[in-house]
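First to last, the sequence lines map onto chains A and B.
For the first sequence, the working numbering assigns the number 1267 to the last residue and increments by one with no breaks.
For the second sequence, the working numbering assigns the number 331 to the last residue and increments by one with no breaks.
Calculated directly from the structure, the hints in this document are not laboratory data.
Cβ atoms here follow ideal geometry from the backbone N, Cα and C, with glycine treated the same way.
Mixed in with the good hints, there may be bad ones.
[What the hints assert, rightly or not] Quick list of in silico lysine-lysine cross-link-like pairs, DSS-like style, CA-CA up to 25 angstroms:
1) Lys-259(A) / Lys-467(A)
2) Lys-242(B) / Lys-822(A)
3) Lys-822(A) / Lys-860(A)
4) Lys-492(A) / Lys-245(A)
5) Lys-196(B) / Lys-860(A)
6) Lys-343(A) / Lys-383(A)
[Unchecked claim] Label pairs and their in silico Cβ distance ranges:
7) Arg-882(A) / Ser-152(B): 25 to 31 angstroms
8) Leu-244(B) / Ala-523(A): 32 to 38 angstroms
9) Lys-964(A) / Glu-328(B): 50 to 56 angstroms
10) Ala-523(A) / Ala-271(B): 51 to 57 angstroms
[Unchecked claim] Covered by chain B, per the in silico footprint, the following chain A stretches (three or more residues, Cβ under 8 angstroms):
11) 691–698
12) 823–830
13) 854–865
14) 896–905
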Amino acid sequence: MKRGGKRQRNLPWLAALWLVGTAVVWGQTPTDEGMVTMKVGPDEEWLRPGVSAVTAIARDGTKIPATVVGVDEASNRVVRFQRHAEETWYWLYDPEMEPDVSDQELLGRLQDAVDVAFYVRMKQTDTAVPPESPAWIPGYRVRYRVRLIGDYLSSPTETVIVRLPTGGWLKPDGTDVLVTTAVGRRRPAIVLSHDPQGDTLVQFRRHEGERWYWVYASNPEATEVDPALLQRIADARKAAEETALRKMAALKVAGERVGIYRNKALAIEKERDTEKRAQQERAEWLKLLPERETAVSNAAARVAAAKDKAEKTAAELAPLQKPANEKTARAVEIEKQVAAARQALTEAATAVEAAKQQGDQAAVAAAENARASAEKKLTAAEEAAKAAQEEAQAARIAAEPALRAQADAQKELADAEAAQTGARNAVAEAQMRITELEGMISKAQAAAAALAPEIEPLQKAAEEAQAAADRAAAEAAAAEQTHLKLALEADPRLHQEGLTVEFREWAGDDLGRWAAVVEGLQQSSNIVGSAIARQVLHVGNPFQPSSPRRFAASYRGFLQIDTPGVYSFFVNSDDAAFLFINQYKVYSRAGFNRPITGVHNIYAVGADIQLEAGVYPFEVHHVVGNTPDGQGLCALAWLRPGSKQWEFVPPTAFRHAAIGAVTAVEAWDGGPLAVFDYGVDDAFTADGLTLYLVRFEAQHGGIVSDHVEWSFGDGARRRGASATHLYVRPGDVTVTLKSHPKMPAFQRRCHIWAPPTPSSPHSLARAVSVLNQTDLSALGRLLLDDMYHFLLICGQPERWPAMERVCRELLKDAKLDVAYRADVRASLMEAMARQGRGREALAELDAALAEMKGVRSAEAQVLMGAANVAWNSLRDLAAAEGFYARVIRENERARLPLVRRAAVAWADMYLEAGDTAKAAATYRLAAGLGRGGPGGERLTDAVTRGALLRVAEQQLKSGNPRQSLRLLRRIEEEFPEQKMEGLYRFLRAEADRIGGRYDAAVRNYEAVLEMRQWAGYQPAALAGLADTYRRMGDEKQALEWYRRTAESFPAFFEERQLSNTVALLENQLARREAQGEGATNTPPVWTPFAGYMQDFEGLAGQTNRLGRAYLLPAMGLVGPHVAFVDAQSGTGVEWDLDGLKLHLQNILGGGKVWLEFWYRDTAGISPEIQPRVRAWMATLAPGAHPNHATDAREVRLEPTFGRWRKVATRLNLPQTQDAVAKIVLAELAGLYEVDGVSVRPITDREEDAFLTFVEGVDPQ
Amino acid sequence: MRTKRLLRAGLMGGLVLAGWLAEARTIVLDARQLERAAGLEASAPRHGWAMTREGTHSWANVIHAGLLDLTRGRCFLFAFSLADIPKGHRITHAELVLPISTWWGTEPRFYLWRVLAEWGHGVCWDYRLVGDKRLEWTRPGAAGMGSDRAARPTAIVRLTEAGSVVINVTEDLDLWQRGAAAQQGWLLSVEDPDVTIRFPSPLYNEASSWKLRISFEPEAMP
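So here's chain A without its partners, still in its complex pose (with noise of 0.2 angstroms):
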């Protein structure tokens, strides 16, 4: 059947259907059994909600009715019916629309209707439950059950990745896998990343829509890949490359042919077009001719006017212009003459000058006689001259019109006789080109009709050569497409999808050139760890995070291009990095180096290279080298064509494939089988040694049994499906799971670290449990050491059997130091003592004092052990004098600090014996004793004394409960009689009250009440004891109490308040008696907030109530569901843990809790976003908001690579009876898993314990 076809619009009734991932879970829970919800496209209009009576059929004809609930935001139809078996394939119609169709026909028109393709596109159903499995395939011994996680119908991949927990179970290459579907059909499958002590990355081809796959491992007759398929693959290339070069030759043969016609062709088109564009021509030439033959016509009858026009015009001049001549040649005449009488002049001046210089003055008189003379006669001149200038002027200006007329007749004669050649020419011009034009006609004529025969055997030829060439060009395309067809068969990476990352362990030395670099990494074998990747970006090696050094990380994907055009790739590192595309190395980054970070000029990184649109397969290789304080970044950006800034290259640039998750693994023979995963649970440090809380689960899918045994890797085994293990060194240890009697033990790489979480107040009573049911023998003396170190400060309560055999366990190592081996046996006398095994313990004693070699430290500190024994177990007074008084008398003379310890303790003893006269003297013989501390007796005056009780009190005023316990523990070490003060016993008693020692608390309390002289403390002292008695849960004590506190002293109860704490005590009860408290018949409903574990194994069915998380059957960290969010889009998307609205009720007002969670991600990182977590707390008191946070953390949440990481905060609870605690998960990018959720109170001891634990031994 296809997908994907086009709908049939002749039949408006009949919808295709989608079946919708997280609607069908909802089916699966108890009220909606079998349900199945559908979305239809928006366009199905007919589908009205609350109208339309609409039937679901099954391809087997049942009918199902139907409702149509709603529209969705998206205007999809929302349709639901009851599941018809397990099929997957619905039609919808509308029975009143065609009443008249049978059922036969009906059926018979679906079917046909999908031999047409007729429908949308059929999904399977999203469900949680797995199709029935296929039968088994011979040979594999494992096989595990994925699904594929997220909205994978609505993506386009073609391929599928998964990560399988094959530790120990795969060839060494990791190639026995086979992929089938629900059916058996197999899927070509091929081993991406592959680490023999941990997981195996596995990407496989998509069968359309189907949800589920099995994929088989662990044969070791597997060969890589069929060889049949080999073959078939080989000889299909053979067939692709054979019809390939059968195309070539004879595309060659039709180039040629065509080629020889084209030619021929193109001289006919030649001779044609000359032809053509001649005729074209004559035309023009000949339409233009008689025009220009007419213009020649008008041009000579223009001439003829001209002429005789002119000649009239000078006919008209004639008679004007001879006078104007004459008088103009008369006027130049006597212009000379006035020259010559002005030259005469002139000499006739110069003659009368000559003679005055001479002085001769007749000679003057006759020169100015001629001089005058001279000057009349010039003067005549001019005047002639004058008169004959005018009267030519006037002459001339009578002739001008006429002399003009004649000038514009010459004029218009030339210009008539050169437009009457020019006509002629063009004539000419005319004639000659139509002769031409002619000639050239019947030239190309004759030639066209020369050629004419030879083109239609060469055309013929031609379309031949072609028509081979398309036939052979078809078949080489089906040859290559059946070669692809089958080499996708054997290699899903042909579809070019998926991005993943493989860490190793860095074994090479040189990271200055790329080739030094590709040896190091041929050598670096040691894979730590693979995962689905997202971006290519991280910090650090995920797989070993304590270790940040010496580890590359191969990236491997392919880079989607949809704007071609020069684009520039940056990886930021420390220290090395390459990027490949297709390849190619496109950028470098060799050597030792720091990130880039700051400002710098946008093109002074990175490298260019023109991309065309397209997919490019690319790899990134990073390297860091043991390079002190390096970070381990690389990040992977770029700058797109036009883009004036660097970003990294984001989800959306590669190509993903789909996710699978493995939900079951299977035995061949149906036995026990279980692989594991791990978390590092807490982990927490005191006096240097650091403690790894590691919790442990063996997976199947189920249930899995508790024969299953583990090694931790340290010598430790146990067993039990779940477990928690403690480490007290970090870094990888190989931890085995055996379940199959007749497979090899499940093996994993476990890396120990401390991960950034808060330590929980609950770690410790976890690691001690683990203590106790952990087979210490086969621990090493530094495992003991540390664990006795860890018993000794732990404080918890359940620590007793443990250290008794880590006593043991220590006490037979003959080299143990001498004081270190009297601290043991003082431990070991304790622990048998806690266990009700006193007397057994004193016995110990004599063997105790022989080991000691008479060195008197050690010999008290076992003394010590056994008075503790003496009084605190057997209550015997006079024993445990006994051994005080001996250590005190045997060192007396020496400044031990224990000594003075020793006088202390005894002294304390007699205090709680109530023999104060006793323990007064007692410490003060302590106060003289070895005083350890500086300047032995420098601090003995009592304003210091007196300072720090008041500091103290300060303290624990401000809040500062463990300052104030400090202080009182160096009083009680440099004062020890300051133990019997009123105030001393009142701010132990408050340290105490809450520190969780109420039995303690109330004795201190009842001390101060006591004494007359600190009546000032007695107010506090009552409510001290009242709320003693709250924190125990004693309600009737408690308000008794406070009732006491009211009725003493009202303005201190009015003050504090404590009118609201009694209220609220006083519903409490009432609500305990209300609620059959000491019923018999029927368990009380009632129940006392002491433990709220919520996990999601009690949330099965119920999953529509994780909001946008959806609840399925997976191997998760804690039992067989996970709460899975699909986050894939990667624009933040905020998940809602409603479901997970946890209420908390009897909380015994206010305290805190604990809240957290494991999780984990696939492809889940993003720069861009944040992922983080919200958990809030608020009241559930009558008349408050639910959604007020009375407190509220958030977390951020670290990209784990698929490793399970855990979340975890302290909430305080709100003074109520009842509140609800919230989580939301917000800005995820990625697909998330979630696990474990759990809320658990805290009580005041574990807080207590966990910070002196933190604090160490510190004697103050």
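For this one, chain A is given, so just place chain B on it according to the hints.
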């Protein structure tokens, strides 16, 4: 007669007491008796720096005449020569005086541990002895409690006021003097984060050198 006998007895007792008083004494060891000192550094795990008078080391802390910054991931080893304590004597009191230059952190703590394992030439974070055969600490940084260092610290000192710190080390000296444990000196460490405590070099000068004040008396005395 009776009086004479009493006088004689008193005289004898006085002589014995005088002799005992002459034997019971206190000595102060300082840089001149410091026979071994070294620093261990986690970030340079195979790089030992010995605190010797002649040492001219390039480490950030100039050992010979500088300051030692004690922080997590770094510790100091040191051992005084106890040859000045005569045999047949027992320790009645011993105090270690450590001058503190300054510190960073709120009321920071440092630990004083009795060292159990032999250490010497080439000692560093990973190794306690480097020679023909390298001997590792059971846990790097001499951190093995009960094997490298004592299972219980001799003292945990919380700094609240300026000046020298005086630590009662009577028990450790007693163990060494009796031969119940080999004398491998002490180790100073900081186990809390964000704490730095600055000591003057043990060889810095007379006034601020580290001192070990030991009181002892004849074993046979009452």
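*Lying within 51 to 57 angstroms: is that true of the beta-carbon distance Ala-523(A) to Ala-271(B)?*
55 angstroms, holds
*Does the alpha-carbon distance linking Lys-259(A) and Lys-467(A) stay inside the 25 angstroms limit?*
This hinted pair holds, its Cα atoms lying about 17 angstroms apart.
_For a C-alpha distance cap of 25 angstroms, please report whether Lys-492(A) and Lys-245(A) respect it._
14 angstroms, holds
*Would you check chain B against the segment 691–698 of chain A, counting CB to CB pairs closer than 8 angstroms, and say if three or more residues qualify?*
holds (count 5)
_Verify the CB-CB distance for Arg-882(A) and Ser-152(B) against the hinted window 25 to 31 angstroms._
54 angstroms, violated
*Verify the coverage statement for the segment 896–905 of chain A against chain B, using a C-beta to C-beta distance below 8 angstroms and requiring 3 or more qualifying residues.*
Check passed, 6 qualifying residues.
*Keeping to a limit of 25 angstroms between CA atoms, is the pair of Lys-196(B) and Lys-860(A) held or broken?*
It holds: about 17 angstroms lies between the C-alpha atoms, which stays within 25 angstroms.
*Check whether three or more residues of the segment 823–830 of chain A sit with their beta carbon closer than 8 angstroms to a beta carbon of chain B.*
Coverage by chain B holds for the segment 823–830 of chain A (6 residues, Cβ < 8 angstroms).
_Range first: 32 to 38 angstroms. Now tell me if the beta carbons of Leu-244(B) and Ala-523(A) are that far apart._
35 angstroms, holds
*asked:* If you count the residues of the segment 854–865 of chain A with a beta-carbon closer than 8 angstroms to a beta-carbon of chain B, do you get 3 or more?
replied: holds (count 6)
*Are the Cα atoms of Lys-343(A) and Lys-383(A) separated by 25 angstroms or less?*
Judged against 25 angstroms, a Cα distance of about 16 angstroms means the pair holds.
*Look at the Cβ atoms of Lys-964(A) and Glu-328(B) and judge whether their distance stays inside 50 to 56 angstroms.*
52 angstroms, holds
Of the numbered hints stated above, the single one contradicted by the structure is hint 7.
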